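2 protein chains.
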Amino acid sequence: MAAVSRVRALKPHAEIIALEKGPWTSYSACGIPYLVGGEVAKLDDLVARTPQQFRDKDRIDVRTRHEVTEIDLDRREVTVHGKEFGRTLKIGFDQLLIGTGGIPVRPPLPGIDLPSVHGVQTLADAEHLLRHATEGRAARVAVVGGGYIGIEIAEAFVRRGLRVSMIEGSDQVMRTLDADMGERVATAIRKAGIDLRLNTQVTGFEADGVVTSAGRIPADLVVLGIGVAPNTALAEAAGISLGVKKSIAVDRRQRTSADGVYAAGDCCESYHRVSGQRVHIALGTVANKQARVAGTNLGGGYATFGGVLGTAVSKLCSTEVGRTGLTVREAIDAGFEPVSQTITGTTTASYLPSARPIVVKMVAEKGSGRVLGAQIIGEEGAAKRIDIVATALWNEMDVESMSELDLGYAPPFSPLWDPVLIAARETAKLV
Amino acid sequence: MAAVSRVRALKPHAEIIALEKGPWTSYSACGIPYLVGGEVAKLDDLVARTPQQFRDKDRIDVRTRHEVTEIDLDRREVTVHGKEFGRTLKIGFDQLLIGTGGIPVRPPLPGIDLPSVHGVQTLADAEHLLRHATEGRAARVAVVGGGYIGIEIAEAFVRRGLRVSMIEGSDQVMRTLDADMGERVATAIRKAGIDLRLNTQVTGFEADGVVTSAGRIPADLVVLGIGVAPNTALAEAAGISLGVKKSIAVDRRQRTSADGVYAAGDCCESYHRVSGQRVHIALGTVANKQARVAGTNLGGGYATFGGVLGTAVSKLCSTEVGRTGLTVREAIDAGFEPVSQTITGTTTASYLPSARPIVVKMVAEKGSGRVLGAQIIGEEGAAKRIDIVATALWNEMDVESMSELDLGYAPPFSPLWDPVLIAARETAKLV
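Chains as they are written, first to last, in my numbering: chain A, 347 to 777; chain B, 347 to 777.
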């Protein structure tokens, strides 16, 4: 919908049809844990714009409960199944945007289709989880996966007073961090009262529990947080080229291999500015930026997508986590020789009662000193400092210059030397 | 002291003497308002390192209560008056660092030397103001000047339950902002219960009030917050060249016009990276960075100071203010043709109860779109976002590229598009 709004701005007279399988458009999937946890009052608050608003304001022919079942590139038409009236129709197009998003990974294990096993993706999921959280239908929740989504939804159920287990197959939660930083997040998870089980393989689901390599874990509700795969069945069937992790391959203008066909969001790939590699990163910010680029190009303008850094922030109770660029492990995998340094500090002047702990791990390239990435864990005021590193990374700064940055200082906001600058300075000594 | 610590690290055997007029070394003057306001428990908490710690750890011969009265560049010696024993002695040097700092501006008005009229600079000032705040010696405080220091100290007295007036000679508080943003700060000042008097000239001081162009304002205590001038009498008398606003002229290595003589901190000038002009900015972050550069060069290493952007953050009750680079007014004065756009948003996803208002004004160069500066006013979580703009400015980004930055997003931290990115995007439309 971000793309078609852009097209409408550029082409006031174009006929624009938006086909959506479900009943909603433009909602914040990232907000679902806060709805389930009770911080967001009602489901409608997560809806940024309704289909009717798009119809009225942008004159976009939004058809909800309309599922596209086929894309025919030769005839330049899509086959659409209208669920409400049970009709199937064909709609022609000059240009097509594929924004089919991602689908939560559902491992083909016994019991995976039980009604107690859920994803955290659509507002329908949200409604279902919310009912479980509030109507006493579940007392014990098992969250499968220790990534961002798993952690955020686990906290939501803890807030509701439910007993929560988190089952992670590997030896580390939040695998977008290095192991040493992941360990700090594990500590925060346990401190939040969540029963964390590392190195535990799920082998099946039952109505009242999860079967694992370490025995049975009782659960009335299971939430899957093991990642999102690009939803590309339609594109693949149409013969459109796929790229990394079977996401739709796109160029810098979000064009697919098919003429006049664009893709944006969780269904397609991105370019990583630091590693130089194609990556699949399913994040709302990336999706929205790609959509604007696609929309501009669809509308006859010119725009390219600048790529991603893999920046992300997350929160678990009072613990904040931020990361950008490459971890040490990722840097090595991408062919760099990294150096790294971890510093501890405070978020404000240490003499103020508002001072909170912050740990910054900075990763740089040996020799050149080029910033490769950073990871931050701390309390209030810690995580968003990752934006400083993201902006430095975007500009290919080295740690030495980074340590000279003229950042804002006053005692309630930062120590005299911001922890991020200290991390850069200390890392520069190892280059 | 930051410089001599650096020299010690580089030259383990150098003889280093530090001469300090007062009794303290290395304290946070910026922390004084928080001591007066009661957030910092005791004066000692503001002392980062005592003279004895410098003697013990860095083997620096720190002599407090020793006032340098003359610098003789030909004989390469300084004349020092030891206050404790009433002695005057001469100390030779091979290299000299001048770090005489700034002195609060004290206008030559009738009554300026009354004991009720104070600056906010030294720990002696801090002790005095603290006594007034806590021992019932003053019920009414007049703060002269509506800049950062004036605002912070005014809030401190409000916290203590005192009645506070703020007298500002011009039509705007916080003149490092454009008038439209200054107006928002004025609203916050009034909302905090401070009696703000704009366009009011102070003509004299009396024991129980301030005489102004708009009548007499009762006050048991007067605090001067009308800026800091470089303390350069010694340097000037020695024949060292002065630069902008009579601050000590230095090159990029912090060298003065005199061979082997360096300067750092509030006594000397800086280079502004955006305007390209020499400026005098009295801020702790700048002073500390300059000191490290001076120390490295004094120690036989090589370092240059990267310059300043004029980044600053401040807080008044729940209102946060941030600024970096040039305002519209400053951009015009520096010869640019600026465009600017102001946007309003929220600090977190708008559907969360933690969402707070934020206003971002972005200034860019017409034609090139180069970022020239930004001003932010908002509530919790607003001001430190100025660091994103500061890092973009440092790298001479344009607003279009800036709007593409991959910043951290999760509902408790930011809307999907960070307000800073929206401001950049909207400003790009005017370029």
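It should be emphasised that the hints constitute simulated quantities derived from the structure, not laboratory data.
Remember, it's a predicted structure, so these values are computed and weren't measured experimentally.
You may find that some hints are simply not true.
Any copy will do: because identical chains look the same in the list, a pair fits if it lies in one copy or spans two.
[What the hints assert, rightly or not] DSS-like, lysine-lysine: derived pairs with alpha carbons at most 30 Å apart:
no.	residue 1	residue 2
1	K591	K537
2	K591	K775
3	K712	K537
4	K592	K537
5	K775	K537
6	K592	K403
7	K775	K403
8	K429	K537
9	K592	K775
10	K357	K712
- Query: Under a CA distance limit of 30 Å, which applies to K592 and K403: within one copy, between copies, both, or neither?
  - Reply: So K592 and K403 fail the 30 Å test inside a copy (36 Å) and across (59 Å) alike.
- Message: Within, between, both or neither: how does the pair K592, K775 come out at a Cα-Cα threshold of 30 Å?
- Response: Result: close neither inside a copy nor across copies, 41 Å intra and 36 Å inter.
- Item | Alpha-carbon proximity context of K712 and K537, limit 30 Å | neither (36 Å within a copy, 52 Å between copies)
- Within, between, both or neither: K591, K537 at alpha-carbon 30 Å: For K591 and K537, neither the intra-copy (35 Å) nor the inter-copy (55 Å) Cα distance is at most 30 Å.
- Item | Intra- versus inter-subunit Cα pairing at 30 Å for K775 with K537 | neither (35 Å within a copy, 48 Å between copies)
- Alpha-carbon proximity context of K357 and K712, limit 30 Å: For K357 and K712, the Cα distance is within 30 Å only across copies (26 Å; inside one copy 49 Å).
- Item | Same-copy or cross-copy closeness of K592 to K537 [CA-CA at most 30 Å] | So K592 and K537 fail the 30 Å test inside a copy (38 Å) and across (56 Å) alike.
- Message: Checking an output row: K775 and K403, CA cutoff 30 Å. Within, between, both or neither?
- Response: Between. Shortest inter-copy distance 21 Å satisfies the 30 Å Cα cut-off; intra-copy 56 Å does not.
- State whether the alpha carbon distance between K591 and K775 is at most 30 Å within one copy, between copies, both, or neither. neither (38 Å within a copy, 36 Å between copies)
- Query: 30 Å Cα cut-off: does K429 pair with K537 within a copy, between copies, both or neither?
  - Reply: Close neither inside one copy (46 Å) nor across copies (56 Å); limit 30 Å.
Of the numbered hints listed earlier, those contradicted by the structure are 1, 2, 3, 4, 5, 6, 8, 9.
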